[in-house]
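Peer 1: Here's the letter readout for the chains.
Protein chains: 2
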Amino acid sequence: MALNYPNKKKMVHKEANKANLGMDLEQMINDSNEYYLNNNIAVIHKKPTPIQIVKVDYPMRSKAVITEAYYKTPSTTDYNGIYKGKYIDFDAKETKFKTSFPIANVHPHQIEHIKRVINHQGITFLILNMNGLFYLFKGEDFIFYVENTTRKSIPYSYISEKGIIIKENYRPPLDYLKAVDKAYF
Amino acid sequence: MALNYPNKKKMVHKEANKANLGMDLEQMINDSNEYYLNNNIAVIHKKPTPIQIVKVDYPMRSKAVITEAYYKTPSTTDYNGIYKGKYIDFDAKETKFKTSFPIANVHPHQIEHIKRVINHQGITFLILNMNGLFYLFKGEDFIFYVENTTRKSIPYSYISEKGIIIKENYRPPLDYLKAVDKAYF
Numbered sequence: 097m098a099l100n101y102p103n104k105k106k107m108v109h110k111e112a113n114k115a116n117l118g119m120d121l122e123q124m125i126n127d128s129n130e131y132y133l134n135n136n137i138a139v140i141h142k143k144p145t146p147i148q149i150v151k152v153d154y155p156m157r158s159k160a161v162i163t164e165a166y167y168k169t170p171s172t173t174d175y176n177g178i179y180k181g182k183y184i185d186f187d188a189k190e191t192k193f194k195t196s197f198p199i200a201n202v203h204p205h206q207i208e209h210i211k212r213v214i215n216h217q218g219i220t221f222l223i224l225n226m227n228g229l230f231y232l233f234k235g236e237d238f239i240f241y242v243e244n245t246t247r248k249s250i251p252y253s254y255i256s257e258k259g260i261i262i263k264e265n266y267r268p269p270l271d272y273l274k275a276v277d278k279a280y281f
Numbered sequence: 097m098a099l100n101y102p103n104k105k106k107m108v109h110k111e112a113n114k115a116n117l118g119m120d121l122e123q124m125i126n127d128s129n130e131y132y133l134n135n136n137i138a139v140i141h142k143k144p145t146p147i148q149i150v151k152v153d154y155p156m157r158s159k160a161v162i163t164e165a166y167y168k169t170p171s172t173t174d175y176n177g178i179y180k181g182k183y184i185d186f187d188a189k190e191t192k193f194k195t196s197f198p199i200a201n202v203h204p205h206q207i208e209h210i211k212r213v214i215n216h217q218g219i220t221f222l223i224l225n226m227n228g229l230f231y232l233f234k235g236e237d238f239i240f241y242v243e244n245t246t247r248k249s250i251p252y253s254y255i256s257e258k259g260i261i262i263k264e265n266y267r268p269p270l271d272y273l274k275a276v277d278k279a280y281f
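Same order as they appear, the protein sequences are chains A and B. Heads up, this note's numbering is the position in the first sequence plus 96, with the first residue counted as 1. Heads up, this note's numbering is the position in the second sequence plus 96, with the first residue counted as 1.
These are calculated hints, taken from the structure and not from any lab test. Check the hints yourself; a few may be wrong.
It does not matter which identical chain is meant; a pair holds if it fits inside one copy or across any two.
Straight line, CA to CA, 25 Å or less: simulated DMTMM-like cross-link-like pairs of lysine to aspartate or glutamate [what the hints assert, rightly or not]: (1) K142 / E208; (2) K159 / D174; (3) K159 / E190; (4) K248 / E264; (5) K248 / D271; (6) K263 / D277; (7) K151 / E122.
The shape of chain A in the complex, shown without the other chains:
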């Protein structure tokens, strides 16, 4: 299924930490993953954006050029890897809403994927950027809410109660594995 991907990257201006000023959530996570990798803490990568390739040109003596392609809906979360011998799997989401997080921000395929990972004893969560804070929101708490309500969004009160605050840093910009330690180890 091809999708309209509008301007995906939203700038997140954080007064809390000038080092990260203007750095978007994806970049903060990628930089953190690079830090974890280089310091032998974890091996976690962002999956490439899924693309449906329709047309490729092979100009003579030159590299292949994709000339028609479309964004596809991701069938899993964006990030996965290994930490302390455990399978880690998560996605990053942000919302400008202050009182609740729209469940529709997580694709149905991703919800299904999160359930499966829980079922197979993996560590899975969302990193939520909301009200100027970053939360590790456990997959278990997310799925519990989704399955036990007919509401289309999760109240911020539930997120701030269940979520674990992820501190912003200089290096790594977002030390989410500290929150993973608190939540799972």
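For chain A, the structure is supplied; the task is to place chain B on it using the hints.
Peer 2: Chain B alone, transformed into the frame defined by chain A:
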């Protein structure tokens, strides 16, 4: 780094199992992963092909069209996920050579990645299609060879000695998790 990706999919004709006739290695693995997923055995996905997007058009009232993009070198292996609570990570390779497997078939980034996964206690291996057979070739055996020789290719005798034969099937087409069981559980 942009790469020239020639015709990546090579047809693999297998006399051993007519059901898989004409099915390429990637397709066999994808179908096996789907089988594992649907039968609640494992959650393993192929990562999307990494693409460097250069130009995107946004036609009015229509979905975004990528009009210029290039293939990038993968920085990890193609497949990962979770099985029996363990992190699983592998790549699929095939060669037409009969006596040895060229180490250059595995990108330096992928070799580095395999080492890291071993270091973090993950399960990592190559699925090698060679001489009409499919082998699970453990990351540990692969890295051992790469680090203890100056040769540019791995003799088939080493692969057939260390590797575990993966049987072809109707469903799943390539039951590689049986070989994982033998090698790691």
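Peer 1: Which constraints among the numbered hints does this structure fail? Numbers only, ascending.
Peer 2: 4, 5
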